[in-house]
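Below are the chains, spelled out letter by letter.
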Amino acid sequence: MKFSDFVAVEAIRPNIAATSKEGVIREMTQSLVDAGKIASSEMESIVKAIMKREDLGSTGIGRGVAVPHTKHPSVNRLIGTVAISQQGVDFESLDGDPVQLFFLLVSPPDRPGDHLRALENISRQLRDDSFCKTLKAAAGPQDVWRLLEEADAQSIAS
Amino acid sequence: MNQTHSREVIVALEQGLHARPADLFAREARRWQSRIEVVGNAQRVDGKSILDLLTLAAEAGTRLVVEATGPDAREAVDAIGSLFEHNFATEANSALHPDTTDPERQPPGDASGERAAV
Chain A
1 MKFSDFVAVE AIRPNIAATS KEGVIREMTQ SLVDAGKIAS SEMESIVKAI
51 MKREDLGSTG IGRGVAVPHT KHPSVNRLIG TVAISQQGVD FESLDGDPVQ
101 LFFLLVSPPD RPGDHLRALE NISRQLRDDS FCKTLKAAAG PQDVWRLLEE
151 ADAQSIAS
Chain B
1001 MNQTHSREVI VALEQGLHAR PADLFAREAR RWQSRIEVVG NAQRVDGKSI
1051 LDLLTLAAEA GTRLVVEATG PDAREAVDAI GSLFEHNFAT EANSALHPDT
1101 TDPERQPPGD ASGERAAV
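Going down the list, the sequences are from chains A and B.
First residue of the first sequence? That's 1 in the working numbering, and the numbers climb one at a time after it.
First residue of the second sequence? That's 1001 in the working numbering, and the numbers climb one at a time after it.
Worth flagging that the hints you see were computed from the coordinates, not collected in a lab.
A few of these clues could be false.
Some, not all, of what chain B presents toward chain A, calculated at C-beta under 8 Å [to be verified]: (1) E1014; (2) Q1015; (3) G1016; (4) H1018; (5) A1019; (6) R1020; (7) D1023; (8) I1050; (9) L1051; (10) L1054; (11) T1055; (12) E1059; (13) G1061.
Residues from chain A that keep clear of chain B, each with C-beta distances beyond 12 Å, as calculated [stated by the list, open to error]: (14) E10; (15) I16; (16) G23; (17) R26; (18) Q30; (19) G36; (20) E42; (21) P68; (22) R77; (23) G88; (24) D95; (25) Q142; (26) D143; (27) W145; (28) D152.
Chain A regions said to be covered by chain B (calculated; three or more residues, Cβ under 8 Å) [said to hold, decoys possible]: (29) 49-63; (30) 129-141.
Note that CB positions come from ideal geometry on N, CA and C, so glycine has one too.
The whole structure should be built from the sequences, with the hints applied where relevant.
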């Protein structure tokens, strides 16, 4: 599952304003609404579901990265977006570090494999320090998108 | 004294080894001094790293080998094996189908693997 298979380019936010966990989740979900990827009538339900998942244990998986996610019946395929916080947000991460890179995923309830493969791709790329560094330094959505495409191309080549 | 112990485990989680169980796995692994690695899906990864565990993309039914090397290798492997036996019981797994505890999916010759997942 490549980035370009699930990341909505119009929803990429390289400089989010939110400073709280819920704020980040809300801003990212809103970006998917604005990009026409999810219905605005579903927004509250999706935000609530993602927050409920966070209650089970933070998706801040360390290294300044979080992958807030949920299953939701309103989507018929895996959809996601990327956001970057320049200042970092307290996400109750497993390693306690503030989070700068966010990958938010919403998947149909009946497709656990797609979700797993998206997580695989994200975690594989994020093990690469230079990928993280370049991503944090991205100036605009197109920079982020180019980097994701480059990572996709490399993962095909390898 | 360093020793190596390993054991096969099978992912019975309907959703596969996703973020939450990977977190529980890595947390458990970090409690032990031994180096802990997981082999599966043609990869060998660090069992103490969630990022590494997630790159396994281990779906339901995947066989993995947990391998520990160090002074507490046996205890470490047992503790992690127990997570699998209990199907990561803190997981919100009420939706799991009973057939994910199919005896054929249990590690062979492992008596302690009899305990069914809740």
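(message) Please verify that the nearest CB of chain B lies beyond 12 Å from G36 of chain A's CB.
(response) 27 Å, holds
(request) With 12 Å as the threshold, tell me whether G88 of chain A passes as away from chain B on beta-carbon distances. (result) Since the minimum Cβ distance to chain B is about 18 Å, G88 of chain A lies beyond 12 Å and the statement holds.
(request) Could you check if R1020 of chain B really has its C-beta closer than 8 Å to a C-beta on chain A? (result) Because about 6 Å separates R1020 of chain B from the closest Cβ in chain A, which is inside the 8 Å limit, the hint holds.
(request) Say whether it holds or is violated: Q142 of chain A keeps its Cβ farther than 12 Å from all Cβ of chain B. (result) 26 Å, holds
(message) Using Cβ atoms and 12 Å as the threshold, tell me whether E42 of chain A really stays out of contact range of chain B.
(response) 21 Å, holds
(message) Holds or violated: the hint that T1055 of chain B contacts chain A, with Cβ atoms closer than 8 Å.
(response) 5 Å, holds
(request) May I ask you to test the interface hint for L1051 of chain B with respect to chain A, counting a Cβ-Cβ separation under 8 Å as satisfied? (result) L1051 of chain B check passes; min Cβ-Cβ to chain A is 4 Å, inside 8 Å.
(request) Find the nearest Cβ of chain B to the Cβ of R77 of chain A and say whether that gap is larger than 12 Å. (result) Consistent with the label, R77 of chain A stays out of reach of chain B, its closest Cβ about 17 Å off (over 12 Å).
(message) Hint Q1015 of chain B vs chain A: min CB-CB distance below 8 Å?
(response) 4 Å, holds
(request) May I ask you to check that R26 of chain A keeps its beta-carbon over 12 Å from the closest beta-carbon of chain B? (result) 20 Å, holds
(request) Have a go at the L1054 of chain B hint: is there a Cβ in chain A nearer than 8 Å to its own Cβ? (result) Given a least distance of 4 Å, the restraint on L1054 of chain B holds.
(request) Confirm or reject the statement that W145 of chain A sits farther than 12 Å, beta carbon to beta carbon, from all of chain B. (result) 22 Å, holds
Of the numbered hints listed earlier, those contradicted by the structure are 13, 21, 24 and 30.
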